[in-house]
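Heads up, the sequence shown is in the numbering used here, so the first residue is 1 and it goes up one at a time.
Because the hints were derived from the structure by calculation, they are not lab data. Treat the hints loosely; a few may be bogus.
As the list claims (entries may be wrong) - The calculated lysine-lysine pairs, modelled on DSSO-like cross-linking and capped at a C-alpha distance of 30 angstroms, are:
1) Lys187 - Lys445
2) Lys359 - Lys427
3) Lys445 - Lys427
Stated by the list, open to error - DEER-style ranges, computed between Cβ atoms:
4) Ala10 - Arg442: 28 to 38 angstroms
5) Ile186 - Asp273: 46 to 56 angstroms
6) His285 - Leu42: 55 to 65 angstroms
7) Ile186 - Gln221: 24 to 34 angstroms
8) Ala53 - Glu122: 21 to 31 angstroms
9) Asp387 - Ala53: 47 to 57 angstroms
10) Ser189 - Glu26: 41 to 51 angstroms
11) Ser183 - Gly434: 30 to 40 angstroms
Glycine included, every Cβ here is placed at the ideal spot set by N, Cα and C.
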Amino acid sequence: MTHDCSFLEALDLADDQVSSADGRRESHATDYGAERSDDGVLPDAVVWPECTADVSAVLAAATDRGVPVTPYAAGTGLEGNAVPAHGGISLDLTRMDAVVDYRPEDFQIDIGPGIIGSDVDEYVADDGLFFPPLPSSGDISTIGGMIATDASGMQTVRYGEIADWVLGLEAVLADGTVVRTGSRAIKTSSGYNLTELLVGSEGTLAVVTEATLELAGRPEQIRGGRAIFETLDDAAEAVFDAVRTDVGVARIELVDGLSATMANEYLGSDLPDAPMVFLEFHANHGIEEEIDLCRAIFADHDVVRFEMSDDDAEMADLWQARREMAYAVSTYDPDLEPLHPGDVTVPISSYPEVVRETKRLADEADLLVPCFGHAGDGNLHYSVLADPDDPEQVERGEELYREIVELAIELGGTATGEHGIGEGKQKYLEPEHGAGAVDVMRTIKRALDPTDTLNPGKIFPETADGERVRDPER
1 MTHDCSFLEA LDLADDQVSS ADGRRESHAT DYGAERSDDG VLPDAVVWPE CTADVSAVLA
61 AATDRGVPVT PYAAGTGLEG NAVPAHGGIS LDLTRMDAVV DYRPEDFQID IGPGIIGSDV
121 DEYVADDGLF FPPLPSSGDI STIGGMIATD ASGMQTVRYG EIADWVLGLE AVLADGTVVR
181 TGSRAIKTSS GYNLTELLVG SEGTLAVVTE ATLELAGRPE QIRGGRAIFE TLDDAAEAVF
241 DAVRTDVGVA RIELVDGLSA TMANEYLGSD LPDAPMVFLE FHANHGIEEE IDLCRAIFAD
301 HDVVRFEMSD DDAEMADLWQ ARREMAYAVS TYDPDLEPLH PGDVTVPISS YPEVVRETKR
361 LADEADLLVP CFGHAGDGNL HYSVLADPDD PEQVERGEEL YREIVELAIE LGGTATGEHG
421 IGEGKQKYLE PEHGAGAVDV MRTIKRALDP TDTLNPGKIF PETADGERVR DPER
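Required output: the full structure, derived from the provided sequences and hints.
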């Protein structure tokens with residue numbers, strides 16, 4: 001559907017803040033996940049707000065005219081979260097990237113949504129501080145995007161997810177109303193927790209224009225390395241045992257042998273072709289005791305080698321292999337493509353089972369399924385690879401993908417640990433939460449955005465007027 005966005009010319013926006021040029025629209029038609037699946041939608045216009053007043057003016061005018069608005073930033077999402085599914089305006093927040101205020105004595109920083117995550121770390125580094133929950137894509141994704149999906153990453157096992165570090169937000173509702181949530185106080189029991197309501201809402205309830213983040217002191221001791229196992233089952237069981245023993249790891253990542261092979265081909269690295277666990281320990285004292293405890297636990301699970309290093313270059317190479325895994329998988333075989341980004345999370349006691357069953361199902365379907373992930377918090381990333389020109393193979397792959405997600409939910413887990421629902425996981429929302437809870441979510445959406453201005457077609461399979469989104473059966 002095409003929308004008339006000529007009303008933008010009457011708003012107090014500079015010429016370079018609005019564009020309907022084909023090139024600009026095409027660059028905002030997809031995010032990373034949608035681009036891979038050739039599943040984009042052209043917006044009718046792109047707007048680059050530079051302040052909260054700009055966002056408020058655009059939303060108020062768009063809502064009055066029934067024009068959808070989809071927030072956009074770095075475009076690194078994997079579930080079509082930023083795709084303008086019903087056209088309208090793509091609201092690009094990357095120019096709102098300022099540090100508004102910095103209070104190192106309070107371990108706090110106020111920032112715009114367009115700032116890149118790693119830039120926050122660089123800004124506060126001289127004071128010995130950092131922002132712990134950055135995801136693996138923290139050097140290319142924005143804080144606003146992380147808040148939208150309640151992202152998390154390799155350090156979640158120790159530090160938690162983005163929501164745990166957001167103290168308050170400034171946000172604009174669909175009708176242009178500006179609200180502030182939360183408090184600079186480290187705790188509050190005053191009123192509804194609107195901050196956590198907006199975190200993870202994928203831009204469907206409000207547009208975040210400023211965030212107050214909590215920071216942490218950098219640990220004085222950091223050591224890392226890898227453990228190599230005979231079997232993937234041994235590796236997954238070792239992770240579970242280490243986490244339940246409360247070993248002081250900040251990162252504990254699972255990498256199966258197939259993923260290691262793919263990483264080697266992509267990066268020219270020399271990882272062993274075997275199941276591995278990547279480790280990093282953070283402490284202010286006593287780090288060797290934590291390492292020794294972990295080594296002893298892993299020995300109970302037939303670890304082949306347990307290698308630790310304090311060499312920064314070696315550690316950088318190790319974590320680069322983990323960060324680049326998604327690219328390694330997608331480029332491994334030119335005849336195969338990942339169907340969807342697997343992102344399930346289960347209770348840590350069920351982690352060995354979900355890993356074991358994923359590999360069993362993959363063997364049963366005779367498909368390549370590399371597995372890796374933030375094992376310490378129960379997160380498993382997997383990619384079902386299939387030949388897009390082979391309909392029967394694609395059908396087997398889709399069934400396999402569905403079986404793994406449904407298994408995770410049966411084990412008390414979630415269809416998405418950090419990527420969000422977006423367009424890709426809508427049909428799993430009700431099986432995971434139940435019809436009653438999803439109806440409550442819809443009620444909240446209608447209360448805050450009755451005209452369905454904000455990011456329609458995401459999370460729920462319908463929009464406010466009952467129109468279906470594209471590909472509702474995925």
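Comparing the hints with the structure gives:
1. Lys187 - Lys445: holds, 27 angstroms
2. Lys359 - Lys427: Distance of about 24 angstroms is within 30 angstroms: holds.
3. Lys445 - Lys427: Roughly 18 angstroms between the alpha carbons, so the hint for Lys445 and Lys427 holds.
4. Ala10 - Arg442: 28 to 38 angstroms: holds, 33 angstroms
5. Ile186 - Asp273: 46 to 56 angstroms: Holds, since Ile186 and Asp273 (Cβ atoms, about 47 angstroms apart) stay within the stated range.
6. His285 - Leu42: 55 to 65 angstroms: holds, 56 angstroms
7. Ile186 - Gln221: 24 to 34 angstroms: This hint holds: roughly 25 angstroms between Cβ atoms.
8. Ala53 - Glu122: 21 to 31 angstroms: holds, 28 angstroms
9. Asp387 - Ala53: 47 to 57 angstroms: Holds: the Cβ-Cβ distance is about 51 angstroms, inside 47 to 57 angstroms.
10. Ser189 - Glu26: 41 to 51 angstroms: Roughly 48 angstroms apart at Cβ, these two residues keep to the hinted range, so it holds.
11. Ser183 - Gly434: 30 to 40 angstroms: holds, 32 angstroms
The structure is consistent with each of the numbered hints, conforming to all of them.
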